[in-house]
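Number of protein chains: 2
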Amino acid sequence: MKMSQSFVKTLRQASSEETTKNGALLTRAGYIHKEMAGIYDFLPLGLKVLENIKSIIREELNQIGCEELLMSTLQNPEPWEKTGRFSNQQVDIWFKTELSSGGELGLAPTHEEPITALMKSYVKSYKDLPISAYQFQTKFRNEKRAKSGILRGREFLMKDLYSFHTTPEELESYYDKIMKVYQSIFNRVGIGDITFPCFASGGIFSKYSHEFQTLLDVGEDTVYYNQDKSIVLNKEVYTEEVLNDLGVKPEELQTANAAEVGNIFKLQTKFTDPLDLKFSDENNVEKVVYMGCYGIGVSRLMGVIAEVYADDKGLVWPESIAPFKYHLIAIGDEGIKTANELYRKNPESFLYDNREGLRVGEKFADADLIGLPQRIVISDKTLAEKSVEITDRKTGKSDLQLLSDFS
Amino acid sequence: MKMSQSFVKTLRQASSEETTKNGALLTRAGYIHKEMAGIYDFLPLGLKVLENIKSIIREELNQIGCEELLMSTLQNPEPWEKTGRFSNQQVDIWFKTELSSGGELGLAPTHEEPITALMKSYVKSYKDLPISAYQFQTKFRNEKRAKSGILRGREFLMKDLYSFHTTPEELESYYDKIMKVYQSIFNRVGIGDITFPCFASGGIFSKYSHEFQTLLDVGEDTVYYNQDKSIVLNKEVYTEEVLNDLGVKPEELQTANAAEVGNIFKLQTKFTDPLDLKFSDENNVEKVVYMGCYGIGVSRLMGVIAEVYADDKGLVWPESIAPFKYHLIAIGDEGIKTANELYRKNPESFLYDNREGLRVGEKFADADLIGLPQRIVISDKTLAEKSVEITDRKTGKSDLQLLSDFS
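Those sequence lines, one after another, are chains A and B.
The opening position of the first sequence corresponds to residue 88 in the numbering used here, with each subsequent residue numbered one higher.
The opening position of the second sequence corresponds to residue 88 in the numbering used here, with each subsequent residue numbered one higher.
Please keep in mind that the hints were generated in silico from the structure rather than gathered at the bench.
It is possible that some hints are incorrect.
No copy labels: a pair is met if it fits in one copy or bridges any two.
With a cut-off of at most 25 Å between alpha-carbon atoms, the simulated SDA-like pairs for lysine to any residue come out as follows [unchecked claim]:
#1 Lys96 / Glu147
#2 Lys432 / Glu147
#3 Lys183 / Lys231
#4 Lys214 / Asp360
#5 Lys412 / Glu168
#6 Lys141 / Asn433
#7 Lys141 / Ser436
#8 Lys135 / Asn149
#9 Lys141 / Gly152
#10 Lys400 / Thr482
#11 Lys211 / Ala452
#12 Lys183 / Glu327
Generate the whole structure from the sequences, applying the supplied hints.
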């Protein structure tokens, strides 16, 4: 992408309302634009990061046979009334709206009810199970406050996966499989070493569920963890009984802030029962389907990664999700000629700062703020060595690399 | 995709409410699932078609330097109030909702206002222009009736592109460029020969705008056209004055139903003026930005293509947007062994009907209903010729093709 022909632009400052690093830096660096608190647009660079995260998740889920679909935002109250969750008393973050032809609709905060209802058309027999389906879909939650940039949105992008099984044992083993897949996803996007499965409340159907919590100063959750982090638990389940269950003593635990980037939940028959999702087993006996659900907050994940890696100069993206690998800057006529040529051959790899009338120092500052993994500078000096200068954004280390390596 | 491990399934019948071919066939063939009138889920096959259409549009737009972004669904009333369009009197298809912290929001039916407001952060000087940005975003329109399958949705997928210019001449020439790009898009998705630029009302800022209308019996618009279809006009502008303008006589025109698959519009300063989007020219004089907008109804387009190509056996997809190229069916042990091998090598190309316990006739009927471009049958008979039998879905013609051609 050529910066001269793009509205990818850095801003001097973000609104003073952006009190978190992710909100302020992503705004200043031209990744997002705030419409209102908790409601953001994703500009070209930001959309590329989102799409890169989606690709990693999609690849991991498709590999284990999950199928992608796209469900509606507007929600018919019917299935939600069967589980009691259309009520604002039960679920206090609904956005509701009215059909002009009459009747109330909701904006989906999650999709357990409609996907369970949908599956009634497609699940009849044990031969139809197990199946699992996921989507990347905008979710809506009517939060009273939303002050953490894209860490907590009123409108946000989520990956939600639902699985359907004949037995609780099959659900159990699928759940374990997803635990591993999630860890692989968090590894690949660059936060594997600070993201842990965390015991959380399991609701009324299982003692615990698992959240995936990333240790993060501005995270809204509090977790307790032991030294090797083999045991991490959410403050909400920090009781004597739970510590006994986990075989850990209070003095062995430390505490930290964390951001929930994913959660996985054995729903058992909580939704399939009231929505009457049944299958016929081998003996033609009707049984209720077992269900699990597994979420990843995709836009929140982007915000978390921004927070984790940012330094005092700006954003620092892991290569796996960076919008481009290289930030290209040319100095002098020969530098520009060579940079044009390099860009022409492989435009997908470069954000090319070909803007005229800026000092090199300004371009360097923008490159640091935007945070692509490697900055490439081409000048008379580097060309004398038939090379370009590559600077790693994370370490700041520079090296010459042969120009011929890029062709 | 293996049908045995998927919830891609055909249904005996669609709901009797599905009175259009697209609604009924896409439902029966497992592409879509209706939540309510005008509100559909896209199942795995349907999502693939949508994504294929998106890829074609994206490729064409990126080629001419358009940048992709993603704006929010929830709409701050502020910019809409400046153009008067937040009022339900002015725009009668709003879905509105309430923030729990107070204040009314809208669900975006289109995005002229917010993108114009957004550009105020990124457009300062003539050097920043022209720019153009587009998105694929769900739109919401509170239609009183929605009975045409995915041809008219209350929630639907749209590609909307906006361009910003220093002069009306520059806008004019960009508009002409988009005319050509749109024709190329409609060619590539398979409806180029029955889709025409059509004179429509230009509102108060230009005499005409252009719609792209696809001739279609169930289309909701009526168009008039001359013999070589060099002149096509919407019934809404069929007046003596307009016929004079176009130099055509009533007796030279025929009439037909048509579906609007795209529209392009020179907005001039209709939105940039009230929203105060200005730039400084070469002499540092502030001027109002000129603007154009260009839409394609992506999910409607999918419905239109389904309608256009369907026959009495089911759907017929053009190869460019088909969810898979081949529908693979094996007969007998050797056939299954070979089909497994073929599938393993290139799973992306095949929908593999490996379901057990179905008669071949049932599989053939499902293949016809699902409508992939080519059906491949592998049996002892074809293997004796080291071949597979390929049947073209559109023509029904069968041929043997060497198995080695596929490896």
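The hints, checked one at a time:
no.	hint	verdict
1	Lys96 / Glu147	between (33 Å within a copy, 24 Å between copies)
2	Lys432 / Glu147	between (30 Å within a copy, 19 Å between copies)
3	Lys183 / Lys231	both (15 Å within a copy, 18 Å between copies)
4	Lys214 / Asp360	within (20 Å within a copy, 61 Å between copies)
5	Lys412 / Glu168	neither (48 Å within a copy, 41 Å between copies)
6	Lys141 / Asn433	both (23 Å within a copy, 23 Å between copies)
7	Lys141 / Ser436	both (19 Å within a copy, 22 Å between copies)
8	Lys135 / Asn149	both (20 Å within a copy, 14 Å between copies)
9	Lys141 / Gly152	both (16 Å within a copy, 24 Å between copies)
10	Lys400 / Thr482	within (12 Å within a copy, 62 Å between copies)
11	Lys211 / Ala452	between (60 Å within a copy, 21 Å between copies)
12	Lys183 / Glu327	neither (40 Å within a copy, 47 Å between copies)
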